[in-house]
Structures are given as structure tokens and as C-alpha cells.
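Protein chains: 2
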Amino acid sequence: APEQHLPAIATTRSLRLVAVYSRSSRSVQALAQAAKKYASIAHDDLSVYCDEDGPEAGLDALLKRQDVDTVVMALPIPAQPALIEKAWRAGKSVISEKPVAPSVAEARRLISLSSSSDSSLPSLSTFRPRWLIAEQFPYTPSFDRAARLVRAGRIGRVRSFNVEVYIQVPKPEGEDNWRKVPDYQGGFLLDGGVHFAAALRHILPSPPISLSASVRQIQPYLPPIDTLQALVTCEDGTTGTFTVSFGIERPS
Amino acid sequence: APEQHLPAIATTRSLRLVAVYSRSSRSVQALAQAAKKYASIAHDDLSVYCDEDGPEAGLDALLKRQDVDTVVMALPIPAQPALIEKAWRAGKSVISEKPVAPSVAEARRLISLSSSSDSSLPSLSTFRPRWLIAEQFPYTPSFDRAARLVRAGRIGRVRSFNVEVYIQVPKPEGEDNWRKVPDYQGGFLLDGGVHFAAALRHILPSPPISLSASVRQIQPYLPPIDTLQALVTCEDGTTGTFTVSFGIERPS
Numbered sequence: 001a002p003e004q005h006l007p008a009i010a011t012t013r014s015l016r017l018v019a020v021y022s023r024s025s026r027s028v029q030a031l032a033q034a035a036k037k038y039a040s041i042a043h044d045d046l047s048v049y050c051d052e053d054g055p056e057a058g059l060d061a062l063l064k065r066q067d068v069d070t071v072v073m074a075l076p077i078p079a080q081p082a083l084i085e086k087a088w089r090a091g092k093s094v095i096s097e098k099p100v101a102p103s104v105a106e107a108r109r110l111i112s113l114s115s116s117s118d119s120s121l122p123s124l125s126t127f128r129p130r131w132l133i134a135e136q137f138p139y140t141p142s143f144d145r146a147a148r149l150v151r152a153g154r155i156g157r158v159r160s161f162n163v164e165v166y167i168q169v170p171k172p173e174g175e176d177n178w179r180k181v182p183d184y185q186g187g188f189l190l191d192g193g194v195h196f197a198a199a200l201r202h203i204l205p206s207p208p209i210s211l212s213a214s215v216r217q218i219q220p221y222l223p224p225i226d227t228l229q230a231l232v233t234c235e236d237g238t239t240g241t242f243t244v245s246f247g248i249e250r251p252s
Numbered sequence: 001a002p003e004q005h006l007p008a009i010a011t012t013r014s015l016r017l018v019a020v021y022s023r024s025s026r027s028v029q030a031l032a033q034a035a036k037k038y039a040s041i042a043h044d045d046l047s048v049y050c051d052e053d054g055p056e057a058g059l060d061a062l063l064k065r066q067d068v069d070t071v072v073m074a075l076p077i078p079a080q081p082a083l084i085e086k087a088w089r090a091g092k093s094v095i096s097e098k099p100v101a102p103s104v105a106e107a108r109r110l111i112s113l114s115s116s117s118d119s120s121l122p123s124l125s126t127f128r129p130r131w132l133i134a135e136q137f138p139y140t141p142s143f144d145r146a147a148r149l150v151r152a153g154r155i156g157r158v159r160s161f162n163v164e165v166y167i168q169v170p171k172p173e174g175e176d177n178w179r180k181v182p183d184y185q186g187g188f189l190l191d192g193g194v195h196f197a198a199a200l201r202h203i204l205p206s207p208p209i210s211l212s213a214s215v216r217q218i219q220p221y222l223p224p225i226d227t228l229q230a231l232v233t234c235e236d237g238t239t240g241t242f243t244v245s246f247g248i249e250r251p252s
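Just so you know, the protein sequences line up as chains A and B, in that order.
Counting with this note's numbering, you get residues 1 to 252 for the letters of the first sequence.
Counting with this note's numbering, you get residues 1 to 252 for the letters of the second sequence.
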């Protein structure tokens, strides 16, 4: 949050930071302190919420505020779905991290909740949850330029594609990294690979609708898996291959 | 046969051409005529067999000869299996074309016949059928050099591979070509793609044991299919992708 979200919020004119929250008092104080570095964020009336200070000072209290439209979340993947839903049920829009959820089932449930007319969302008659996944690759100039060239027909028609991403995570970084803690499937491959999937989806003229994939672990220090190869079929019949490995050195 | 097999036989010291056969008199006479171009092939005692001249002058008569060890076949794919088996049953070794057969089932049956102790092969106690598929890509210097570098560990360990072959068959050639006549599955893709599969198998240090594939037709003049993408898994766990298209132009 201090390294990525605060600077991004500070430079976005349509956002004004009115409150910060964390479970612990210590981390929310650090966050509030970090916010003071940014001139465009109003320090003086920045409210601080944490569960340690009791229910009237915790998340539920923050979500009751009428002057909060949108909640920006910087959470580990497994913690996201419950809090996203909680924010929606309180009538707030959400900006959350990628990937959406630790499992396909939870991701599908969230997506359907965000787009369906689920009457269990209390404020649905006046509010449809708005949700932005903070996945930056589609906004990367090179990928976006590729997508624009494809859409303009500048490279001809896409008939086939082959994506190859080889980034070997070095041993110390791999061993220490929270990504390898498999409290969600896929480790580095889910959390890092999702970027390249997002870029590919952004560039392809027709959305992928089915795939067949193999996964395996090559580096012993990168459990549970570090390498994926997939055969992708798009709605228009185009097929392609998608290789992402965090356990194989980039070919020279 | 005149363009590829005769010159190859003529330059192979261990082979001596003693007889030629075709169903029709006209084509076997043309073949015998073509053989006379090669000094190392003994013309004078070259026997000519064809079914039009009656059973005693046809294939069965040829296969009864004790001085014939090996039969070199240049046949369309669907015609191969029956004649390969016939030659084996007559105790002859076979050099035949790729691919082995028009279907996986027929190919498997032939392979099992060539390697098993099938007692229906009459001469098995003294003869085990020998069989060479005339697939040239493993003997191509560049592919063979790649295979030797891999086996010597010169490029490190093979962790993943991506094969991409794009060769668009131009319209007139595609429309006229016998390959597109789908009396066997796959058309160009089976008959042409098998070369690249053979090269890959020659180079890989561990044999492919399973795959998942998509096929489709991109050019209307190349039925039944012209493009294949596969996800390949090898015995040692290595995975890779294999793309072959005769309907997509080579990227520039």
C-alpha cells in the first residue's frame, strides 16, 4: 500500500483519500504516516480505522460512512474475496488486487455477484457494484500499442499465437518469498503468470474460451509449481500456445 | 520412385536392385527404363513384375524369390499397410514411406506386428521383420547436429520447447495436390507435419508420451485441416508446444 497504492491515489485527480484501515493499529498508523508524504492527500482530516480499537473504530464503521464511494484494497489473495463482498454489500465500489481470488470457484462467485442482479446486495436498486482489478499489464504502453495495432488490422489477421515467458526467480528471492507459500494454488505461477495472461487477453482480438494445460515444478525452492504450458482456443477458432515459467532461465 | 528411390538405391553400396514391380505394365516399364540411367544398377538382369501379366508375373511371384531380401515401397499412405504386411509374411524386410499408415489403429497394428513374436508370420523362427521408415528429417544435418548437441549436454538441460512451423501452401499447388484428397485423415498436415514431428522426436532427449492438440482449417482450398497446435508431454516430465500450419504464412 505505501509503495504503490498511495502514490497512485495521490496522482489521481478523481480520488481523494478520506480514511485508511488495517486490522492492526501499528500498520494503520504507519500507513497514515506514509500518506503524509503526498501533498495532494488531505492529511488533517484523514480518518484512521483499525479493529484493535473496537467495533466502532473498525472496518464496519468505515464502510458505514456515506462519504466513502470506493475502497482500494491491498490484501493477500486469499483474504480478498470476503472483503470485496463486504464492501459491495455496504454499497462501495472496489479496486482490488490480481488475481481476483485463490480459486476459480471463488473468482466465479465474485464475478457473478458483481454482474448479476443478486438481490442479496441490499443497495442494488440504486447501486451496482463497480469493480476494477488493479492489473497493470493492459495499461503498459507496449502491450496496449500491440492491442491497438491488432484491432486496427495493422498486422493482418491473427491466425495463431505463441507466448513464451521465461523468468527464473533466483534462489534467495524464491525461498524467502511469500508467493511460494501455497495457501493458494499456483504460487508464483498464479500471482505472476496472471499478468501475462492479462496482457494476452488485452491483445487478442477474440477472447480465449478454452484451454488445455500442463504444470510442473522445476526448481525445488519454488513449490508448488513454477512452469505452465497451455494450448488456448479463442472464440473465433484461433488457437495459440502460452508458456510461462518462473523456474526456467530466459534463453540467451 | 524414379526421382527419389532409384538414385538413393543406386548410391547405396549395400543395395542391389534385382526387380521392380507395379500394378500396371506401363508404369513398371517406365520404372525399369528410369533405372537404366544409373550405372551401378545392373540393368541386364533386372526383372520386371506387374499384375497385368498374370499371377505368375505379379507381386506374389516377386516375393517368392529367394534373392530378394528387402522391398523398397513408394506407395500412397492408404495402400502401405497391406503391402508391408504382405512383404513381411513373405520374409522380406521393408523400407516404406512416412507416415506409417492412414490411421493410428493401423499404424499400431503394424508396429506391433513388426516387433512382437506374432506366430502368424510364417518365417518368424528364422526371420524377424526389419522395417525402416523413409523419414529423412532425422538424417538432415542441422536437425542431427541439434540432437547431438542436446545429447552431449552442450545446451544445458532441455526444460521446455516451442516448435513453430508456418509454411503456407499456395493456392494452385494446394488445389491440385493429392495430399488434400482426404482418403486419410489430416491431409497436408499428416503427410507434411510428420516430418517436423520426426525431427522433434530425434532432437528431444526424452520421448513424447502424451499430447493435447487443436486442429483447424484456415485456407478453404486445404481440406480437411491445415493447422495444428499441440501441447506435448515427455516421459521425463518436460513439456513443450508444437505448432505446424500449412495454412498460415511464415511471419516475417
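Derived by calculation from the structure, the hints in this document are not laboratory data.
Keep in mind it's a predicted model, so treat the numbers as computed, not measured.
Yeah, the Cβ is synthetic: ideal placement off N, Cα and C, and Gly gets one too.
It cannot be assumed that every hint is accurate.
Non-contacting residues of chain B with respect to chain A, defined by C-beta distances greater than 10 angstroms in every case (computed) [unchecked claim]:
hint, residue
1, 1
2, 79
3, 136
4, 164
5, 213
6, 227
7, 231
A few chain B residues that face chain A, going by a derived Cβ cut-off under 8 angstroms, partial list only [stated by the list, open to error]:
hint, residue
8, 160
9, 239
10, 241
With beta-carbon atoms standing in for the labels, derived distance ranges [to be verified]:
hint, chain 1, residue 1, chain 2, residue 2, range
11, B, 224, A, 148, 33 to 43 angstroms
12, A, 104, B, 4, 31 to 41 angstroms
13, A, 69, B, 224, 54 to 64 angstroms
14, A, 142, B, 109, 22 to 32 angstroms
Results of checking the hints against the structure:
{"no.": "1", "hint": "1", "verdict": "holds, 36 angstroms"}
{"no.": "2", "hint": "79", "verdict": "holds, 32 angstroms"}
{"no.": "3", "hint": "136", "verdict": "holds, 26 angstroms"}
{"no.": "4", "hint": "164", "verdict": "violated, 6 angstroms"}
{"no.": "5", "hint": "213", "verdict": "violated, 7 angstroms"}
{"no.": "6", "hint": "227", "verdict": "violated, 7 angstroms"}
{"no.": "7", "hint": "231", "verdict": "violated, 4 angstroms"}
{"no.": "8", "hint": "160", "verdict": "holds, 6 angstroms"}
{"no.": "9", "hint": "239", "verdict": "holds, 4 angstroms"}
{"no.": "10", "hint": "241", "verdict": "holds, 4 angstroms"}
{"no.": "11", "hint": "224(B) / 148(A): 33 to 43 angstroms", "verdict": "holds, 36 angstroms"}
{"no.": "12", "hint": "104(A) / 4(B): 31 to 41 angstroms", "verdict": "violated, 53 angstroms"}
{"no.": "13", "hint": "69(A) / 224(B): 54 to 64 angstroms", "verdict": "holds, 56 angstroms"}
{"no.": "14", "hint": "142(A) / 109(B): 22 to 32 angstroms", "verdict": "violated, 53 angstroms"}
Taken one by one, the earlier hints fail for this structure at numbers 4, 5, 6, 7, 12, 14, listed in ascending order.
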